[in-house]
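> With chain R held as given, fit chain L onto it using these hints.
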Amino acid sequence: MRLKILNGCEASAEGAISAGCAFYAGYPITPQNRFPEYMSERMEHFGGVFIQAESETSSINMLFGAAAAGFRCMTSSSSPGISLMQEGISYLAGCELPAVIVNMVRGGPGLGDVTPSQSDYFQSTRGGGHGDYRTIVLAPWSCQEIHDHTYLAFDLADKYRNPVIVLGDGLIAQMYETVRLKPTKKRFPKKPWALDGCSGRKPNSLKSLFLTPGVLEAHNWKLASKWARIEKREIRCESYYCKNSSYIVVSFGTCARIAKEAVERARQEGTDIGLFRPITLWPFPYAQLAECLKNAKKVLVVEMNLGQMIDDVKIAARNSNARIFFYGRPGGGVPDPDEIYKEIKKK
Amino acid sequence: MKAVYQKPESLTSETTIYCPGCGHGIIQKLIAEVIDELGVRERTIGIAPVGCAVLSYNYFNFDVTEAAHGRAPAVATAIKRLLPSRIVFTYQGDGDLAAIGTAEIIHAAARGENFSVFFINNAVYGMTKGQMAPTTLEGQITTTTPGGRNPQIHGFPIRVCELLSSLDGVTYLERTTTSSIQGIISTKKAIKKAILWQMQQKGMSFVEILASCPTNWKKSPADSMKWIKETLEKYYPVKVFKDPGNIL
Numbered sequence: 013m014r015l016k017i018l019n020g021c022e023a024s025a026e027g028a029i030s031a032g033c034a035f036y037a038g039y040p041i042t043p044q045n046r047f048p049e050y051m052s053e054r055m056e057h058f059g060g061v062f063i064q065a066e067s068e069t070s071s072i073n074m075l076f077g078a079a080a081a082g083f084r085c086m087t088s089s090s091s092p093g094i095s096l097m098q099e100g101i102s103y104l105a106g107c108e109l110p111a112v113i114v115n116m117v118r119g120g121p122g123l124g125d126v127t128p129s130q131s132d133y134f135q136s137t138r139g140g141g142h143g144d145y146r147t148i149v150l151a152p153w154s155c156q157e158i159h160d161h162t163y164l165a166f167d168l169a170d171k172y173r174n175p176v177i178v179l180g181d182g183l184i185a186q187m188y189e190t191v192r193l194k195p196t197k198k199r200f201p202k203k204p205w206a207l208d209g210c211s212g213r214k215p216n217s218l219k220s221l222f223l224t225p226g227v228l229e230a231h232n233w234k235l236a237s238k239w240a241r242i243e244k245r246e247i248r249c250e251s252y253y254c255k256n257s258s259y260i261v262v263s264f265g266t267c268a269r270i271a272k273e274a275v276e277r278a279r280q281e282g283t284d285i286g287l288f289r290p291i292t293l294w295p296f297p298y299a300q301l302a303e304c305l306k307n308a309k310k311v312l313v314v315e316m317n318l319g320q321m322i323d324d325v326k327i328a329a330r331n332s333n334a335r336i337f338f339y340g341r342p343g344g345g346v347p348d349p350d351e352i353y354k355e356i357k358k359k
Numbered sequence: 327m328k329a330v331y332q333k334p335e336s337l338t339s340e341t342t343i344y345c346p347g348c349g350h351g352i353i354q355k356l357i358a359e360v361i362d363e364l365g366v367r368e369r370t371i372g373i374a375p376v377g378c379a380v381l382s383y384n385y386f387n388f389d390v391t392e393a394a395h396g397r398a399p400a401v402a403t404a405i406k407r408l409l410p411s412r413i414v415f416t417y418q419g420d421g422d423l424a425a426i427g428t429a430e431i432i433h434a435a436a437r438g439e440n441f442s443v444f445f446i447n448n449a450v451y452g453m454t455k456g457q458m459a460p461t462t463l464e465g466q467i468t469t470t471t472p473g474g475r476n477p478q479i480h481g482f483p484i485r486v487c488e489l490l491s492s493l494d495g496v497t498y499l500e501r502t503t504t505s506s507i508q509g510i511i512s513t514k515k516a517i518k519k520a521i522l523w524q525m526q527q528k529g530m531s532f533v534e535i536l537a538s539c540p541t542n543w544k545k546s547p548a549d550s551m552k553w554i555k556e557t558l559e560k561y562y563p564v565k566v567f568k569d570p571g572n573i574l
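Read top to bottom, the protein sequences are chains R and L.
Per my numbering, residue 13 is the first one in the first sequence, and the count goes up by one each step.
Per my numbering, residue 327 is the first one in the second sequence, and the count goes up by one each step.
With the rest of the complex left out, here is chain R (with noise of 0.2 Å):
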């Protein structure tokens, strides 16, 4: 078993590492400029490549490429950054290439500030960019979890030839944890369609431009049914004290491990209160929420945004008689546990 102490960003890295990351390329920006100095020293180490490039726009093409030739490849920045991948996410959805993206997200709109934010649930799993797609979104609230989320987001990429984000904020990118390390992968899926040159084989070509008419329609449905797949195989979700509670607090990320503490608190005081952590945000466990809120006459929905997954929770509650309640903080404020105790007691 390896310990290590690491901030969030460094956790990830080793994550992508165990998992065979083979390609690294990035751009500096705030609050995950760890990640990037990481990662040229690690990737050297190991045999990897890394690039810095000069644009977020360029780390996801070369990403393209590299998921391409057959290789795991990763990526990570932070909101603005994201939002300058957005066309290339689309090109690898559309190619179905696998590859994997770490947002360690800060406040916005435009360039906002540098603190933690959860500011970015929309654009992560409603695709983010131009068309009909979906991209698998894991929401890790500790070192140790962004650790394993990485390690994981790699399998499922592969598993699905489809671009996974993991979620993390400004304040898991920073903070430092003990973090147990995974092994190193040493076994990979066989990728018959990469271009490595075409000895031995008819030649492989990626594409997502398909102009004969009922083609690329054809296309999205068999995208639409590897999604499909997706909901019914992937979702990951926790819940606390959730069976039979009457009142239920649905947050994700850092801010369900802060709004957890606020919870315990109210059921040392009696207060009959669960929580519901949804870990993969896309696809949402929406079954798995509404079993929780059969009983709930209220649910208090908490992120660091002006409300973005409640939109979700309301999904998910559709048939519940629960009124649904929301506390937020937007643009880098972060909550401590005793504001959401306060928000708990006063609904």
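Rather than coming from a laboratory, the hints here were simulated on the basis of the structure.
Don't take every hint at face value.
Claimed, not checked - Not everything, but these chain L residues come out facing chain R in the computed CB check (under 10 Å): (1) THR391; (2) ILE405; (3) ARG412; (4) ILE413.
Said to hold, decoys possible - List time: in silico DSSO-like cross-link candidates among lysine-lysine, alpha-carbon distance up to 30 Å: (5) LYS219/R with LYS333/L; (6) LYS355/L with LYS545/L; (7) LYS214/R with LYS355/L; (8) LYS214/R with LYS328/L; (9) LYS219/R with LYS518/L.
No residue lacks a Cβ here, since even glycine has one placed at the ideal position from N, Cα and C.
Just chain L, lined up with the frame of chain R:
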């Protein structure tokens, strides 16, 4: 009977979408011939642009990928770094390389990425039907410069080879033309040299090729050739900008 000429193995039998007199057909055939002659078809990976040549993956009989508009040099960078023994090239038009993809080509060149670039300059946007390109000449009429390109309003055309010649990461840099048989022969030589220098791992090898677009120039194929020679070549002189030695 003795065959004196045949289609290169590096081309498929697909009929191209290219218009009569278009430069793409000539240049892609030259690339295919060179790849055949060097015996590298089975280890070549091409990156197609956005524009008329996007369908290159239907015409080249080796591995070819699409790239987002202008991003081919970023895609090629990763492929070549991960597969250094393969022959990697981008095939890009003037809008792709010199407008939307300016950052990608400049920085791939500055990093000295070891792939070849075939830059097709026909001074107009082809697939979108004739708008101003970054290489459109002063006075040239396009669908977005109906009164002719006026530098006061539309800016000046970019000479890409001259721009790249200051970057140490570019090893081999030549501008050729397809306006004559001699020009086409020189173009093929330049394509070959570019790939040979790539095989020597010398950094970026870059060939700008002046080509015709009769449809959007609203000229006959014959007049188009004449226009390249008499007008385009005046602003974009055919020239070897950088060549580290005799490789042919």
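> Are the hints correct? Go through all of them and say.
A quick look at each hint next to the structure:
The closest approach between the C-beta of THR391/L and any C-beta of chain R is roughly 4 Å, which is under the 10 Å cut-off, so the hint is satisfied. Contact between ILE405/L and chain R, as hinted, is supported at the beta carbon level, the nearest pair being about 4 Å apart and thus within 10 Å. With 10 Å as the threshold, the beta carbon of ARG412/L comes within range of chain R, its nearest partner Cβ sitting at about 5 Å, so the hint holds. Because the closest C-beta pair between ILE413/L and chain R is about 8 Å apart, less than 10 Å, the hint holds.
The straight-line distance between the Cα atoms of LYS219/R and LYS333/L is roughly 25 Å, inside the 30 Å bound, and the hint therefore holds. Annotation: proposed proximity of LYS355/L to LYS545/L holds, straight-line Cα distance about 23 Å (limit 30 Å). For a cut-off of 30 Å, the pair hint linking LYS214/R to LYS355/L stands: about 19 Å separates their Cα positions. Annotation: proposed proximity of LYS214/R to LYS328/L holds, straight-line Cα distance about 28 Å (limit 30 Å).
Between LYS219/R and LYS518/L the alpha-carbon distance is near 27 Å, which keeps this suggested pair within the 30 Å criterion.
Violated hints: none; the structure is consistent with every hint.
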